[in-house]
Structures are given as structure tokens and as C-alpha cells.
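*Asks:* In case you want the letters, here they are:
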Amino acid sequence: MPSSGSIAGPVQALINELSKLPTIGPKTAARLVFYLLNRPRNEAQSLAEAILAVKDRVRLCSNCFSITEEDPCPICTDERRDATIICVVAEAKDIFALERTGAYKGRYHVLGGLISPMDGIGPAQLRVKELVDRVGRENPHEIILATNPNAEGEATAVYLSRLLTPLASAVTRLAYGLPIGGDLDYADEVTLAKAIEGRRTL
Amino acid sequence: MRNYAHLELQPAPGLNVFVGANAQGKSNLLEAISLLGTGKSFRTNRERDLIRDGFELATISGEAHVKAGAIRLGCTLTATPRGSRKLYTVNGRSVRYATFLGSLRVVSFVPADLHLVDGPPSVRRSFLNSALAQEQKSYYRELARYQKALSQKTALLRAEAAPDPELLKIYDETLVTSGTALMIARNHFVRALGAAASKVHARWSDGREHLELTYRPNVQFEAETEDSIAGSFEERLRAGAEMERLRRVALVGPHRDDLALDLDGRSLAAFGSQGQQRTAVLAVKVGEYAVMHERSGEAPLLLLDDVLSELDPQRARAFLEGVGEFEQAFITATQLPGALSLASVYEIRDARVIPGPS
Ligand SMILES: [Zn+2]
Numbered sequence: 001m002p003s004s005g006s007i008a009g010p011v012q013a014l015i016n017e018l019s020k021l022p023t024i025g026p027k028t029a030a031r032l033v034f035y036l037l038n039r040p041r042n043e044a045q046s047l048a049e050a051i052l053a054v055k056d057r058v059r060l061c062s063n064c065f066s067i068t069e070e071d072p073c074p075i076c077t078d079e080r081r082d083a084t085i086i087c088v089v090a091e092a093k094d095i096f097a098l099e100r101t102g103a104y105k106g107r108y109h110v111l112g113g114l115i116s117p118m119d120g121i122g123p124a125q126l127r128v129k130e131l132v133d134r135v136g137r138e139n140p141h142e143i144i145l146a147t148n149p150n151a152e153g154e155a156t157a158v159y160l161s162r163l164l165t166p167l168a169s170a171v172t173r174l175a176y177g178l179p180i181g182g183d184l185d186y187a188d189e190v191t192l193a194k195a196i197e198g199r200r201t202l
Numbered sequence: 001m002r003n004y005a006h007l008e009l010q011p012a013p014g015l016n017v018f019v020g021a022n023a024q025g026k027s028n029l030l031e032a033i034s035l036l037g038t039g040k041s042f043r044t045n046r047e048r049d050l051i052r053d054g055f056e057l058a059t060i061s062g063e064a065h066v067k068a069g070a071i072r073l074g075c076t077l078t079a080t081p082r083g084s085r086k087l088y089t090v091n092g093r094s095v096r097y098a099t100f101l102g103s104l105r106v107v108s109f110v111p112a113d114l115h116l117v118d119g120p121p122s123v124r125r126s127f128l129n130s131a132l133a134q135e136q137k138s139y140y141r142e143l144a145r146y147q148k149a150l151s152q153k154t155a156l157l158r159a160e161a162a163p164d165p166e167l168l169k170i171y172d173e174t175l176v177t178s179g180t181a182l183m184i185a186r187n188h189f190v191r192a193l194g195a196a197a198s199k200v201h202a203r204w205s206d207g208r209e210h211l212e213l214t215y216r217p218n219v220q221f222e223a224e225t226e227d228s229i230a231g232s233f234e235e236r237l238r239a240g241a242e243m244e245r246l247r248r249v250a251l252v253g254p255h256r257d258d259l260a261l262d263l264d265g266r267s268l269a270a271f272g273s274q275g276q277q278r279t280a281v282l283a284v285k286v287g288e289y290a291v292m293h294e295r296s297g298e299a300p301l302l303l304l305d306d307v308l309s310e311l312d313p314q315r316a317r318a319f320l321e322g323v324g325e326f327e328q329a330f331i332t333a334t335q336l337p338g339a340l341s342l343a344s345v346y347e348i349r350d351a352r353v354i355p356g357p358s
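Taken in sequence, the protein lines are chains A and B. Under the working numbering, think of the first position of the first sequence as 1, with each following residue one higher. Under the working numbering, think of the first position of the second sequence as 1, with each following residue one higher.
To be clear, the hints were calculated from the coordinates, so they are not data collected in a lab. Glycine is no exception: its CB is placed at the ideal position from the N, C-alpha and C atoms.
If you want a taste of the chain B side facing chain A, the calculated C-beta under 8 Å gives, among others:
id: 1; residue: Ser151
id: 2; residue: Gln152
id: 3; residue: Ala155
id: 4; residue: Asp164
id: 5; residue: Glu166
id: 6; residue: Leu167
Just a few of them, taken from the derived set where beta-carbon distance is under 8 Å, the chain B residues facing chain A:
id: 7; residue: Arg145
id: 8; residue: Lys148
id: 9; residue: Leu156
id: 10; residue: Ala159
id: 11; residue: Ile170
In isolation and in its complexed conformation, chain B is listed as follows (with noise of 0.2 Å):
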């Protein structure tokens, strides 16, 4: 895959960091293992791009040991003429992507995480999105079937003045019963990770910082209840009908929805140092390894992409040491950083891995 033609490679327990120059394929390395995690790569939405020029397909399989016992993962892309198709196997048999997702628990880092605090909404909601879809096989479910409805609806209204009544509703009806299940889902998620990462956040600044995370959900409810949040939904989407059909666009609904990090009471994004936004999103980080760490009964693989050279060694140690005890970690970096210790240490050029000290 990328500019591999060929790799095999057996990690060490504990932490593997791979060392090189840009453009060597240290990236690639650490999206190949996140996509027998997540099936996704973390990095590109044409995935078509994961298949090495000249080549037809690109092939990713492994083992893993997990809670379960061994299992093997595998990932096939077929380059087609219109992008790209993926195959899933788990012990050699070939599943759907649903029953693929989440035997492997990955909690990866990568540079355009730093923008979780400064970022659009977007990467918030994409940041809830691919850690929940992970955790709950029925969120991602949920997730499709809002997306599908979300892009039929806004189809409709882009293309006539006058949508069919009768089909709005059909799609609001999809909105709301997915939708609902995507608001409670997120916001338990953040309930528990804003705790973490309060308290990884208040351990780095000795007390002295309170970091707070809010889900602000785009249809406000009363009682996190199925029934209130559907029938706040109901009400939003009937309200705002009206404005939906003069703007020929979706308004309404979790495709909208945002997280609010504060730092003692005042948001971060207006009012914090490029420093204190930057340990918020670590904090928000080693959070999420926590949380999933903790429901999930084990230790996922963390994979850190290119973000230890973007830190400073002392906040690059206390994510680390935030973090844990993960078992087994992926990290690439342009140079060896300080802060590790105990590390397996394998150094990349032109696409070859070479174990031992660069």
C-alpha cells in the first residue's frame, strides 16, 4: 500500500517508534495499522489513494491479540473505476464492515487533532464520530442511516422550490430516530471523557486549571430520554421547516452539533494561549484512550502520528505518562524525541524498516 510494495513487520510490546525523514513512509506505516482498527484511514477520504501507483489493490492484514484471544485482521482495497472497493476479513472470513469495526480498538493522534479546540465544529463532531463509531457497532449504524437520510433531504430541497411534503417527512422521520440515538450516544461519550480529561488536565496544572467539556447539541432537550429528545427534535424540525425550504438547506439535527471546551469557565477557542489550547487537546486525548480503555475492558493501540515532533518535551512526557498504561504504541517521529524511554526503535528510509537505534 502507499509506497510499500511489500512490508512485514513484528512489533514490540510496549512502544515502537519509527524514525525518518519526511516522505518516507512512516505515515503510511501507522495508517496501514489504524486501518485494520478502524477500517478508515485517518488521513484521506480518497482511499483510492492507499493502493501504490501502477498497482490494482492494496493489502493489509495482521494479528492481534486482544481480550478474545488472537485474531486476524484483514483489509483489501480493489482500485475500481470509480475509486475504490474494500474487502474485510477477521480470521480469514470475509464480514461486513459493521462486524469488522471495533475488533480492534485503536486511539489514534495525528496533526490535525492540535485543531480539535481552534478547529471548525466539523472536526469536533468527526473527532465524536469515528471514537464512538469504534466503540458501538449500533452508532455507526445509526450514523450511516442519518448521513443517507441527511444527503436525501438536502437533495430534495436543493432541487425544488416546492419539495414533495410527503417525502420531507419521510427523511425527517429517519433524522429524528437516528439522530436521537447519535445525541444520546454523544453525549454519555462526553460526560465521561470531559470527566478524564478534567482530571489528567488537573493533574498537569496541579489544580490551578479546571478544563470542562459541554456537548452542545443543535437540538437543545430537556431529559436525556429517547421520547424528550425525539419529540425536541419534532418540534425544531417543524419550527424550522419553513427556513429550510427558503435556504435549501438542512438546519436542523446533529450534523450541526458541537463540543464547548472551556478552561476555567472561559472557551479556549476565543480566549486561550495557543500552550493552553494545545494540553487541552492532549487532555481531550489521553481522555479518549481512557474512556475507551475503560468500556471496553482493554488497553486499545495508540497510534501517534508525526504529533510528538509538534510538542514540546515536557508536554510530549506528560502525554505520555497521561496516557499510561497503554500496551502497545505506534509512534513516528522525524527525530528519536527525548521523552521516550524503553522504546523499540526502527528507523525508516525509502520505505524499508530497519529495527534498531537511527
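Chain A on its own, in the form it takes in the complex (with noise of 0.2 Å):
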């Protein structure tokens, strides 16, 4: 790695900028930045645009807290999905996951995240009260519960799966076929869609 004093400012600041983001180290970084020098300025213009659409137009949804343009979200208004089911996701990008196995056809809550105290995220940290006062609202038919079978998930699925029980006629959790500790945006479609069909009652 070249040090900070040999190449142009602007470089190196981008260099600094994307080595910020999950995954990518300075050596990627790198190679993007030098990527981009070598594109026509149009095309680094609409990635630069792109970037900033995200941060002002996309924001979350008042019902699911899923992320989206229009509040409440094209899920939570298309007619054609089944409101009598709530599958309850960690984060958004679960969804995405969940959407592309097509499997299934009922609405989303997003929870921010699952119950870890050694990450001071408890209950309260999270979209819970918000979950509890959709189901008294809603009356739904059934929870599923989604979230990623390693310790936090499994804590948090059984944690809600206490609270809600007394509240909707039928709680379940996917049944995993996915490796234990793996991730939901991880998992290949057929996978996942098996995870949803194959559910059950907790």
C-alpha cells in the first residue's frame, strides 16, 4: 500500500471513504477508486447519485419499518398479500432475502436488529412494543418467526414467541434446513423457500 503523502488528495480521500464500508478493505478500495478514474465522469456521476437517493428519498415504513419511498410501503398496501400474516425479520435486507425465493405472499415487520445485552440491544432497543401493539391492531392468523438460527436469533425467536403467543392464534418459526449460525441473506432460494413451507408451530 502506497502511504497517504504519494498519491492526489482526492484519491486518497475516496480510497479512505469507501474502506469505511462493511466487507471492503483498503486494497479493494483501492482497486474501485482506480476503476472509477478509468470510467467516462456519467457514469460516476449516477453511482454518486444513486448513493444520495438512498440517504434522502428512502426512509421507513410507519406500519413494518421496512425500508422504502412511499410510507406505508408497496407491501404493506398491495391488496394482494395476505394481511392475516406477519413474518418478523431482524433487518430489512431479510426481506430482500425472503422476496426472492417468492414463496411468500403475506406482509413484514422489521425488528432493528436481535436481543444481544453484550451489545446493549434489549427488547426495548428494538421494534417490540411496536410488534405487540400491529398484533393487537391487526389480529393476525400467524407470526412466523425469521430470524437467523444462531444464539441471538434463537433467543430473540423464543422471547417473542412468549410474548405473542397469548396474542395470535398460531406463532412459527422457519424450519431451518439453513446451517446453523448461517445468515438468512445468505441461505440459496430453494433453501430459504423450504425454510418457509416447512414451518412450524412453536
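Two chains, two separate frames, one set of hints: put the complex together.
*Replies:* Okay, structure coming up:
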């Protein structure tokens, strides 16, 4: 790695910015920057605008807390989707994984993380109260707990199932053929579709 | 890794002795071999230290001949911004740690083990954990689950004066299921270990002294069944809940277990001479080797890092004879120990390995 003094300021500045992103180290960042340097200006511009648009135009759905351009989000307003099933996920990115399978036709609720006191996250730091309120309001037939099958995902699912079982007719958990410790968004579509079909009652 | 830029070594069967002054890289070599067996360093928790200064990764690979045939094992450490990441391979295929663990069995004996008798209980627990984790994959899994739940429970107790009882209950449930499995495994292992250790110890003392090992679980139980242990565990958690909340620490469970070593019915830590304590440690290590050997049906590798130089020649010889039928051993020492015959000797100087007597 060349030291910061040896390359042009803007190049180093962009390398520094990109290195802050997850999974991107200084080497990858440098490769991306030199790639961009060789591309036409309009390509760089549309990338820059797309990044800003994410921040300026995307917000949280006030019903399910997924990310959306309009509030409520298209999934919450889609009349063809089954409003009597709520699938609870940790992060909005998990919705993308589940939607890719095409196997799920209900609605979602994004918790905003998983319970982990080690990381300072308890039920109060998540959208648990919002979920309970929503269940009281919408009275769904089924709540699917689709948190990851790792220690935090399991603890969160158990916690929610005990909280929600008195309120909903069925609380189910994804039947994971997923590897233990695996991530929802790394699972392939077939595995995930099977997990949705084979969900079990808690 | 460590001070080695690159090293290839084709060790001999039987005893391999590496002789060299301090800080020349003797222990690093043993550490590399142990990484192929246990996947963990026997010296450090900061595994990033294993990577040579100025480098981004360390790779160790080796071929081992075990009962199942020849296997190639690999372990690569990569420096990351937050520490290091390890990748394991078996026969060139990338595998999870739990799969890697136990492919090659290793019994190591390092100077820290000399404190098995006079050290704090944590020394004895980590001795039990590393022996059992290598031996049973399920032990490693339950230990990882237990430790995770324990950290979460501890964090919860520390964070709030009135922790969410429902959440505490969830972590306690994991502690009970995983902790029960740990206790059953420890109880079995200590019984086998105690029998093997006291047998060799009796031989050394011509039957004059009797060494006894007793598992001292934090949660005492009536019968050695899952139900009985889990029941006692739940009861202790209920009884101790108020105290745990007040003191903000997890007080109940196998993370507070101990192992008692007694000589002729008296505590070795309290009443044993230094010589008696040391002989007991040697007997326990011989016992560990014997139990591992018997349970796996093959002779584990024996790694002795700088311990023979801490022992007088008589004890060193007694130890090696006690271990008996090891097939391959790696020993480091500052001087060639007098107790060794039929050894392949290598000299280690400035991270280079020079075959031949020093
Ligand atoms: Zn929505």
C-alpha cells in the first residue's frame, strides 16, 4: 500500500471513504477507485446520485419498518398480499432474501436487530412494542419468526414467541435446513423457500 | 508464522527434540503443530500475534497419518482490522472449526500446566475444556453455546438492576441444557482421568502414596442422569436468582466447577510439597494421554514445550516412561535433556531448524 502522501488527495480521500464500508479493505477500495478513474464522468455521477438518493428518498415504513420510498411501503399497501400473516425479521435486508424466493405472500415486520445484551440491545432497543401493538390492532392468524438460526436469533425468537403466543392464533418458526449460525441473506432461494413451507408451530 | 518466514519440516517417528536458546523459535514450532490439532494456540488468546510482524497472514499445513489414513490439515490466519480470522482445511477442503477439531489428536504439556495443582480453578477448567473439546465435537458445541449464553446473561445482569425476567429465563434455559451436557462429560472424563493418573502415580511412588482426582461441580447432583442434573441446576438457579441480581454476576453453573486433587485424602494444593504437586501434575498429564489414547483408539501426538527443563532428570524420565507407547512426540528444551534416548535432535537457531545433534 502506498502511503497517503504519495497519491493525489482526492484519490486518497475516496479510498478512505470506501474503506469504511463493510467487507471493503484498503486494497479493494484502491482497486475500486482506480477503476472509477478510468470510467466516463456520467457513470461516476450516476453512482454518486444513487448513493445520495438512498439517503434522501428512502425512509422507514411506519407500519412494518422496512425501507421504502413511499410510506406505507408497497408490501403493506399491496391488497393481493395476505394481511393475516406477519413475518418477523431482524433487518430489512432479510425481506429482500425472502422476497427472492417468491414463496411468501404475507406481510413483514422489521425488528431492527436481535436481542443481545452484550451489544447493549434488549427488547426496548428493538421494535418489539410496535410489533405487539400491531398484532393487537391487526389480529393476524399467524406470526412467523424468521430470525437467523444463530444464538441471538434463537433467543429473540423464543422471547417473541412467549410474548406473542397469547395474542395470536399461531406463532411459527422457520424450519431451517439452513446451517446453524448461517445468515438468512446467504441462504439460497430453494433452501429458504423450503424453510418457509416447512415452518413449525412453537 | 511468528518468527518464521517459511519452514518445512519432515519429522521422524518417535521422539523429536528441538534444542535451542530462548527466543529462537522453539515454542513457535510446537505452537504451529498444536494449531493443526486443536485449531487454537496453546499460548495466546490474541491469535493475531501468531502472524509475523509486517505480514498479513500465517499459514500452517501438515500431513498426518492417523487411523483413518493420511490427512492433510491446514490452518490460515488472516489479519483483520479487529484481530484475526482463521480458515481451516481438511484435505484441501475448507471446513468449519467443529469439523476440523479432533482430526488430529494432540496432548500438549506447557509450563502453565505445572500450575494445575496450585493455580486457580480456571486453570483446571481450561485443562478439562481443551482435553474434552478435542475429544468430543459435541462438547465443543455445548461449551460454545454455554459461554455465549453466559456472556449474554452476565451482560444483562450488569446492565440493569431489574433485568427482564423473561429474557434471563431464556439464557438460564440454555445454561441448563448445555451446562448439563458439560457436567456429564466432565464427570465421565474425570473418572477415567483419575483412574489413569492414580495408576501411574502409584507406580512412581511404589504404592506408598495414593493420588485421587474428584470432580467438584458447582451444581451438585444426586444421580448422573440428564434429568437429575438439569433438575438440580434449575433449583440452584431459582435459589440463587436474588443473589445473582444483587451481585450482578452469574453465580451458578459449570463455569464455576473445579477439580480436586488429593494425596492420601489430603488436598495437594493445601498440604502437598512442591515436589508432590509436580509429580501429581505429571501423573495427570500421563492420565490425559492415556485416556485420549484409549478413547480414540490411536496414539495422540505428544507436545512438550519447555517442561522437561523444569523437571529434574528423574521426573522427566518417569514422565516419558509413564506415557509409554506414544508414537510421535515433539519436545523443546534449552539443553538436550539427559532423560532422552533414541531421539531425533534438531537445533533451532534464529528461526532455522538444523538437523543433527547440537
Ligand atoms: Zn411496510
